[in-house]
Structure formats: C-alpha cells, structure tokens
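**Student:** Can you make the complete structure from the sequences, with help from the hints?
So the protein sequences, as listed, match chains A and B.
The numbers in the numbering used here rise by one with no breaks, and the one at position 34 of the first sequence is 34.
The numbers in the numbering used here rise by one with no breaks, and the one at position 159 of the second sequence is 159.
Hints in this document: simulated from the structure, not taken from any laboratory.
Beta carbons are placed, not taken as given, at the ideal position from N, Cα and C, and that holds for glycine.
A few of these clues could be false.
What the hints assert, rightly or not - Residues from chain B that face chain A, not an exhaustive set, calculated with beta carbons under 10 Å:
#, residue
1, W222
2, T341
3, S345
4, R381
5, R383
6, G396
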Amino acid sequence: MPLSTSSNFAKPDDAFRAIVEAHRGLSDAESADLDAALVLVLANHIGDIEVLREAIALAKRRMLDASQQQQQQQ
Amino acid sequence: MPQSKVQFGYHRHPNQDRPAAAPAEHAVVVVGAGPVGLSLAIDLAQRGQKVVLLDDADRIGEGSRAICFSKRSLEFWDRLGIGQRMVDKGVVWSVGKIFHGASQLYQFNLLPEEGHKRPAFINLQQFYAEAYLIDRVGQLPDIDLRWRNRVTALERRNDYVALTIDTPEGPYRLHAQYVVACDGARSSLRQMVGAEFSGQVFEDQFLIADVKMTAAFPTERWFWFDPPFHAGRSALLHKQPDDVWRIDLQLNPDADPAIEKKPENVAPRIARMLGHEHFDFEWISLYKFQCRRMDRFVHGRVIFAGDSAHQVSPFGARGANSGLEDAENIAWKLDRVLRRTSPESLLETYHIERSAAADENIRESTRSTDFMAPVTQQEARLRKAVLSLAKETEFGKRMVNGGRLSVPSVYDTPLSTADADTWRSGPRPGTSMPDAPVADPSGNPMFLTEAFIRKGTRFTLLTFGNGKTVDAPEGLGTIRVGGEDGLIDAAGLAGERYDADTGATYLLRPDGYVAARFRQPTRASIDAALARACGLN
Numbered sequence: 001m002p003l004s005t006s007s008n009f010a011k012p013d014d015a016f017r018a019i020v021e022a023h024r025g026l027s028d029a030e031s032a033d034l035d036a037a038l039v040l041v042l043a044n045h046i047g048d049i050e051v052l053r054e055a056i057a058l059a060k061r062r063m064l065d066a067s068q069q070q071q072q073q074q
Numbered sequence: 001m002p003q004s005k006v007q008f009g010y011h012r013h014p015n016q017d018r019p020a021a022a023p024a025e026h027a028v029v030v031v032g033a034g035p036v037g038l039s040l041a042i043d044l045a046q047r048g049q050k051v052v053l054l055d056d057a058d059r060i061g062e063g064s065r066a067i068c069f070s071k072r073s074l075e076f077w078d079r080l081g082i083g084q085r086m087v088d089k090g091v092v093w094s095v096g097k098i099f100h101g102a103s104q105l106y107q108f109n110l111l112p113e114e115g116h117k118r119p120a121f122i123n124l125q126q127f128y129a130e131a132y133l134i135d136r137v138g139q140l141p142d143i144d145l146r147w148r149n150r151v152t153a154l155e156r157r158n159d160y161v162a163l164t165i166d167t168p169e170g171p172y173r174l175h176a177q178y179v180v181a182c183d184g185a186r187s188s189l190r191q192m193v194g195a196e197f198s199g200q201v202f203e204d205q206f207l208i209a210d211v212k213m214t215a216a217f218p219t220e221r222w223f224w225f226d227p228p229f230h231a232g233r234s235a236l237l238h239k240q241p242d243d244v245w246r247i248d249l250q251l252n253p254d255a256d257p258a259i260e261k262k263p264e265n266v267a268p269r270i271a272r273m274l275g276h277e278h279f280d281f282e283w284i285s286l287y288k289f290q291c292r293r294m295d296r297f298v299h300g301r302v303i304f305a306g307d308s309a310h311q312v313s314p315f316g317a318r319g320a321n322s323g324l325e326d327a328e329n330i331a332w333k334l335d336r337v338l339r340r341t342s343p344e345s346l347l348e349t350y351h352i353e354r355s356a357a358a359d360e361n362i363r364e365s366t367r368s369t370d371f372m373a374p375v376t377q378q379e380a381r382l383r384k385a386v387l388s389l390a391k392e393t394e395f396g397k398r399m400v401n402g403g404r405l406s407v408p409s410v411y412d413t414p415l416s417t418a419d420a421d422t423w424r425s426g427p428r429p430g431t432s433m434p435d436a437p438v439a440d441p442s443g444n445p446m447f448l449t450e451a452f453i454r455k456g457t458r459f460t461l462l463t464f465g466n467g468k469t470v471d472a473p474e475g476l477g478t479i480r481v482g483g484e485d486g487l488i489d490a491a492g493l494a495g496e497r498y499d500a501d502t503g504a505t506y507l508l509r510p511d512g513y514v515a516a517r518f519r520q521p522t523r524a525s526i527d528a529a530l531a532r533a534c535g536l537n
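**Tutor:** Here it is in structure tokens:
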C-alpha cells in the first residue's frame, strides 16, 4: 500500500489543531521530545516500513526544497 | 584459570631442516590457534585432511575476551566432539532483562520452545573454549599444531602459497595449497595480501571488569540504560563459570583510560552496582571498538575467517560466534576442493555467504551501539522516547535495543535450489537445520542434530513419513523420520518444524544448512540440487 497523501480527515483543521494544542505551553526541548514520541507511536501504528520510508522521503523533500530556496535568496 | 594446560612448548619440526629451495608442501595451513582456527583445523581433520596449524604464541591468552557462545556454535562443536564439554563447564542461559533506571522494562527469552539439544547460549571464558579445543586437537594426529611459529612473509603463486615462518630457532619456509588466516583483528596475513580493512570507529569507551564473587543474581543477561549506579550511561551484567561475573560499563568518550582502569577507581563503580564490596577483580580493561570488514574474504588461495575478516562491536555476541560460523562454512568446501570433488569456485560461495553474514552482523551490532550511545541530540531524544514508551507499550519494548543476540544467518546463495513446492513454514534453503526431539527406532530419545552427526556430517537427505524411499545418490547420508525403521517423532515436533507431510525431503549440506527441499522428490531433482550445492553447475 503506498503512502496516502489524499486528505484522510473529515475535518483536517481538527487534526492540525490537536497537534498544535499538544505543543502549547511546551519549551522547544519539550516539544521536540513530544514529537519524537509521537513519530514513533504513529510509525508503529502504520506498521509498514515501505510507507514509513515514503513518508520520510516526502518530509525530507520539504527540507531540501527549503534549503534550496534559502540558497537562491542568498 | 582452567585445569587444562595453558602453556605449550615450541618444538622443532623436521620441516625446518629442509633446504630453503625445497620446502615442505602441505595441503592446508591454518594460521592462528584461536577458537576459529582450532575449530576449523578439527573440522578439516575430521573430514580426512592433514592440517598444519601455526600460532605465534605458546600459550592460551588470558583475560576477558569472548564469553557468549551461541546455540549454533554449540551445535558446530557437537560435530567436533566437544560440545558437551563446553556446555558442562559453561553457564547456560536464555533469558535477558532490560532495565531503565531502577525498574525493569522487559525481558526476553531467546529459546522459548522446548525440544532442542542445545540452549540459546552458554557463557564460557574463551580460554576454556580454547583449552578444550586444544585437547581435541591432541586427539587428532592429522593436525600438526606448531607453537611460536610466526608467519613473516607470504607469496602467492598460481598453484600454491609460499610462507616464511619465524621460530625461536630461526626462519623456515613452507608451501601450502591453501592458507586460512584466522589470525585475529590485527591479522598480519591481511596486511601481507595488501587488503583494506575499513569501517566505522566508535568513540565511546567501555570498561570491562570480570569480578569474582558469590552472588544470588540469576543466570540471565541484565542490561541497564541509565542505571542508578551509573547515571546517564549503560551497564551489562552477565554470569560466567567459576563465580566470575562480567560487568561492562559505558564510559564517557573523553574518559582517561589510564585513570579509569585503575582498580581503586573501578571498585567504587562496581560497589555501587552490586551494593557491596565483597568481590575481587579477575580482569579490568577498557576498550573502544570498530565495525569493519574486508572487501573480499577469499584472496586466491588465501582465505580469511573470523576477526581477521570482520570485526563487530561486542553487543550481540557476534564476534566469536560469527567466526565459528565462518569455520564451519569453509571447512567442508575446502575439503571438497582439495579432494577435487568440487571446483575451486566453490570457495567463492564462502565469500558470498559469509560476507553477507558479516554485513548483517555489522548492521545489527552498529544499531545496538548507536542505541546505547546516540550520536546526535535528536538520536538521544528518539531513544529517550523509545525508553519511555517501552514502559507502557509492547512496540516500545521491542524497539529498545540493548544488543540483538547472534542467530545464524540465512544464506542467499547460488548453492541453494529455490523452492518449487509450496511450504507454509520450515527452514527454507539457505537456513541452518532446526533441531527437534526424536527417538531412535528402539525408542531411545535423541535429537535431529545428533542424527545428522551420526550420519557423518556430510550431505544428508532428511525424509519424513511413510512415502516410498527415495533412492539416495551414492555417498549421501540418509535420515528417515517416521515410517517402519525411521526415527520416532512422538511429539510431532520434527514434522512441525520442517512443515513435513509424508514424502517431504530436505537436502542438508555438510554444515547442516538446508540446500533444497521437496514435497515429493524425484531422483533427478535430488541429483540436480546436490550438484548445485557442490558448486558443480
């Protein structure tokens, strides 16, 4: 099963909000701890190494794009 | 120290009196009388080969080296006739516990099922293993073990290898058809063939202390992350024979080795760990480690086995055990090539099978090491998350990596014949034979691994049930489970572990690996699989 990138939540704003609110009031270090745990919990729930690898690749592509943009601005 | 002999004398050999222009010629020379070289020499000798075994020292090394020997290694040593002696002396264990801080996170059992001759692991000081192997060598006149014989030069010719060997009475030369270098991580033979030995160096330092004490800890492998007695680092406790306990403490990368290894500095750490001061030191050392391998394990007629070919971190008991798997893999192949019953290209499959195993061992032990000593801040954060999730979730427990212990590799190899039939389970080709409890036709209990040894540790057909007997090719052993004169599988475990219906047949290699399997074999299919497994096509 490939990584699903279509919109899966009936109310995407609720999902985004839930994550944002989980981080409210946390320091950057605490937020990073929370994210680390959350990623592991969700990865295990997906339980498919190929989907996980695709998800990592998609997420990493954002970072590459961002650094390229930064270079262009310089 | 062991009751067996540990100090051996140098003896002049008639080979040393030969003129330099006409050196003695030997079929196979094994360099290095450690566990790998000794086991290999015994296996070769049991197969009828004459072996010269050279070692530059004249005594068994003391101190703290390998301690955990796997089920697979014990099964190999059973074939060499010394498995029982190792098990009788060793500390048998199969349970590991992982702690975080003061509390236990989880425990695992490495051999949760009954009906195997050998346990998951024994702990045994390497010097005992070597002493027992040397005793066995002494029973085999075909092994010529020469102490204080140091190889100083090696020249590779088309059809032999020329060795120059230094002794207390000066140098001499030998010619060998094949040389197997079992001369350890600092292998001088590896340098002589000019091979690279590259990989990853780990910065973290670990302190090993073997302490003698009487203690009521169970015979389990205990591993701590961030224990109360060693804040922020990891620790390992493991029992060895003679009331000796292996303690392994992770130190800071910038710790000063000279200061850290002083007994007066080690003692307080250990006392905090044990909660008392009633122990004596047998051994203290500090180490860093590397994970690396040679690109090629076979350099023409010079073959590398054990630490000379690959090195791993100690977490996972993959060093000595993988070296012993190298030995059992090369022994039968070299025997066939020397007899000219297989082409020299069979040796290439040693490289294929064992270098893939080395990659697996390096991967597993590197992952364990990285988990114990996270490299970046984010890695540390992910580890912290795993450890905290492990308290309340099963998946978290299984992600905690305090060492993944050695299991035999499954070979993806040209010697295997791919399954043509449908199998639900059982060992697929390239897998080592699973053990199972059976009884001989008179009802005496025994194990399948013992039946394999009784058939001569050669290519063997293992068949199940009442089906018509396959006409086995000449020279093959046959083990029959079920049927009129077959072994009795009263508990049904052999049939279950081999997914066997009546007629099911496994072709086992001389190292006990599955080469092929058939639901209803024909003589032609067995002949073809055998030829393939011998490297004949």
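**Student:** Give a verdict on every hint.
**Tutor:** Structure-based check of each hint:
1. At about 25 Å, the closest approach between the beta carbon of W222/B and any beta carbon in chain A exceeds 10 Å, and the interface hint on this residue is violated.
2. For T341/B, the shortest C-beta to C-beta distance to chain A is roughly 43 Å, which exceeds 10 Å, and the interface hint is violated.
3. For S345/B, the interface hint is violated, since its Cβ never comes within 10 Å of a Cβ in chain A; the closest pair sits about 36 Å apart.
4. At about 5 Å, the closest approach between the beta carbon of R381/B and any beta carbon in chain A falls short of 10 Å, and the interface hint on this residue holds.
5. The restraint placing R383/B at the interface with chain A holds, with a minimum CB-CB distance near 9 Å, inside the 10 Å limit.
6. Using the Cβ-Cβ criterion of 10 Å, the hint placing G396/B at the interface with chain A is satisfied: the shortest such distance is roughly 7 Å.
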